[in-house]
Structures are given as C-alpha cells and as structure tokens.
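Number of protein chains: 2
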Amino acid sequence: MQFSPLISALIDAFKVLPGVGNKTAQRMAFHLLERNREGALNLSKVLHDAMEHVRHCQRCRTFTEDAVCDICASAKRADSGLLCIVESPQDVLAIEQTAEYHGRYFVLMGHLSPIDGIGPAEIGLDTLAEQLAEGGINEVILATNPTVEGEATAHYIAQLCREHGMTASRIAHGVPVGGELEYIDGNTLTHAFQGRRQL
Amino acid sequence: MQFSPLISALIDAFKVLPGVGNKTAQRMAFHLLERNREGALNLSKVLHDAMEHVRHCQRCRTFTEDAVCDICASAKRADSGLLCIVESPQDVLAIEQTAEYHGRYFVLMGHLSPIDGIGPAEIGLDTLAEQLAEGGINEVILATNPTVEGEATAHYIAQLCREHGMTASRIAHGVPVGGELEYIDGNTLTHAFQGRRQL
Chain A
24 MQFSPLISAL IDAFKVLPGV GNKTAQRMAF HLLERNREGA LNLSKVLHDA
74 MEHVRHCQRC RTFTEDAVCD ICASAKRADS GLLCIVESPQ DVLAIEQTAE
124 YHGRYFVLMG HLSPIDGIGP AEIGLDTLAE QLAEGGINEV ILATNPTVEG
174 EATAHYIAQL CREHGMTASR IAHGVPVGGE LEYIDGNTLT HAFQGRRQL
Chain B
24 MQFSPLISAL IDAFKVLPGV GNKTAQRMAF HLLERNREGA LNLSKVLHDA
74 MEHVRHCQRC RTFTEDAVCD ICASAKRADS GLLCIVESPQ DVLAIEQTAE
124 YHGRYFVLMG HLSPIDGIGP AEIGLDTLAE QLAEGGINEV ILATNPTVEG
174 EATAHYIAQL CREHGMTASR IAHGVPVGGE LEYIDGNTLT HAFQGRRQL
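Protein sequence lines, in the order shown, are assigned to chains A and B.
Position in the first sequence counted from 1, then plus 23, gives you the working numbering.
Position in the second sequence counted from 1, then plus 23, gives you the working numbering.
Possibly wrong hints are sitting among the right ones.
Note that the list lumps identical chains together, so a pair holds whenever it fits in one copy or between two copies.
Capping the alpha-carbon separation at 30 Å, the derived lysine-lysine pairs in DSS-like fashion look like this [claimed, not checked]: (1) K46 to K68; (2) K68 to K38; (3) K38 to K99; (4) K99 to K68.
Bear in mind the hints are in silico, worked out from the structure with no lab data behind them.
Whenever a hint applies, use it, and build me the whole structure from the sequences.
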C-alpha cells in the first residue's frame, strides 16, 4: 500500500531538497496538508516565480532577479575601488553583516575543481578578467574558503591579478576571535603563526 | 543587506516546513537555484495541486484526492468486518506495511485534547458513530498511540463501541520485539506484565 498518487508525488517532490529523505518528506507533506495549506500555496507560488525569474547579476554573478544586483548598481560601492572575490551569495551576506566592507563583490558560484570539470570559465574568470582590464579597481581581496580548492582558486586569481598589474590580497586565516587555543587544529595554528603581525 | 526581494521571499516561504529555520531555508533556496530548477518547478506544481485537490476520505477521513480512498473502496476490506482506529495517515501506512491487517481504517487525524479545544466532533467521532450504527463491523481495534491523549481517546471510543454493542480491542503494549529487557522503561514493562498471556 502507498498513499494516494498525488500525496506520493508530493512526498517524492520534496526529496529534491537537500538533506530531505523519505521520512522527512512525509512529515513535510502531512504537516502542510494538515496545518498550513495557505503557507504551502504561497511556497508553491514563490518557488515558481523564483525559479523562473532569478538569474545571475551581469557584473558580479550573484543571484538576483534584476539585470544587475543592488550592490553592483551602487555608485558608492564602485568608488571604493575594492573588489572582493567570494565563492557563494551566502558568503556575500556573511561579509555584509560585518558592515566592515563597502566595496563590490565578484561571486564565483563555486571554486576551481578540474576533477569535476570546473575550470576558469565555469567560475566566470573570463568576466573577471574583463572587469580587471576595464580599470577602476585598486585592490582585489580574495575571500574564497580556506579549503584546498578555495586556496587553489585564490592562487589562480592572484596570478590573474598580477597579469593585470593589480594588487591582490588574501583574507587572514588564524585563530577565530573568542576561540581557545587548545581546541584549534594544527593547520589553523600554523596559518596563525605564519600570518603573525608586529604589534 | 539582504538578498534580492524574490530570494528573501523564497527563504521566508521555506520556513513553513517543519523544523526549517533561516539557515536551512537559505540552504534549500540556493541549492535549488544552483542545482535543480527543474525539480523545484516540479515541487511547485505538485505542491499546488496537492493543496488544491487533497481532501479527506468521506469514510475513513484519511487524506486522498478521491471522494473515497482506495482502502475504503475495496469490497474485500469491508467484508473483513474489522475497523482499525488510528491517529494519522502515517499510522495507516505503518500498519499496511506489516501486511497482517486486512480490514478498514478510521483515521482520527489527531486525538482528544480538551485543553486544545479538540473534542469528539473534531476527531470525527460523530462519523464513526454513524458507521458503527450502520452495522457490518464485528470488531473495532483501537490503535491510537500509547500516550496519555491516545489512551484517553481509546477509552472514549471503547465506551462509544459499548453503546453500540460492539467489541472493541486495544493493540498490545509491551516489550518491542528485538528489544532488550534491561533498557525498557518501567511503564512499558508494567504494560508487558499486565498484558501477559498464557502459553
């Protein structure tokens, strides 16, 4: 026995969500059917609209429903002469929440990973090269993740910057503020020592 | 800074799902935007259809898009003369998967909970009384959850059955098969002793 065709289809459809298996999908389906049909209809509508209209910003490649995202459209941001390279739109949000950085972004939407067939073109480095050639940028800040792929991507882009006679910097890696030294992994501690600054 | 309006709306819309907060909703939204727009469009469509068309079976109150669900429509099931009372459609699935029971069901879609304003009418006991009066049922099996509310509901329905001169039985509660005695809670053990049977 199975649930009725429409309910089975709904449970299957929920499995496209990350980390959602059969049991969770069932719980979601019945929760919405029992308690929140209005919210579900709204989700259905917004989901459809977002999938149809959200595309990449022509300048920084982040997700937006406009041709150019709000940050790229801001003249103040362009005037700063700063360009921060990140891997994902969520990284942009994290940096924006610090309210410390006021330049533009370039969102790679991934990182170099030749084994998966992701080369420079797939992460938009041709667009980035054009922007570097255009001028108006004084410093490129590399804020890719401190993983093997993120580091490789940062080095590749640093090389690209050098070719365009541009300064590239990497964000600091070290002991997180509020962290306790004894619980920090050796790799991070090594970075912290290598990146030490004179007081 | 926030994401673009449509993306923010999508993240908010995902929060209607049980156990989904801001961070998970973000992950879901970006996962679908980046990797599975087709699956997301399908989810949107099925979700809409299900919310519009799924209603309660006229006989057993489970969810179905037809007037009467498959189980209630089956003549074989009606012939068995058995009626099993459960709290939710998921309970029906669990019992069906044992392939041991071949009667009909009655799905309460909840349990008696006067403190939340859920009385006999809210869990369809008027419909159940009509079905008991109609005849054709030899035994009512009470398979509500072994919680305080589930037990209270079972006792209430057993009373209803007595009024209609019907046999009501309660499923056995005791040590789960494969369970180890030393790890079973006292309440369950008490039930296991009270429910002992002669060999």
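The hints, checked one at a time:
1. K46 to K68: So K46 and K68 pass the 30 Å test inside a copy (25 Å) and across (21 Å) alike.
2. K68 to K38: Classified as both: same-chain Cα gap 18 Å, cross-chain 14 Å, threshold 30 Å.
3. K38 to K99: neither (43 Å within a copy, 34 Å between copies)
4. K99 to K68: Neither: 35 Å inside a copy, 42 Å across copies.
Hints 3 and 4 from the list above are not met by this structure, while the remaining hints are.
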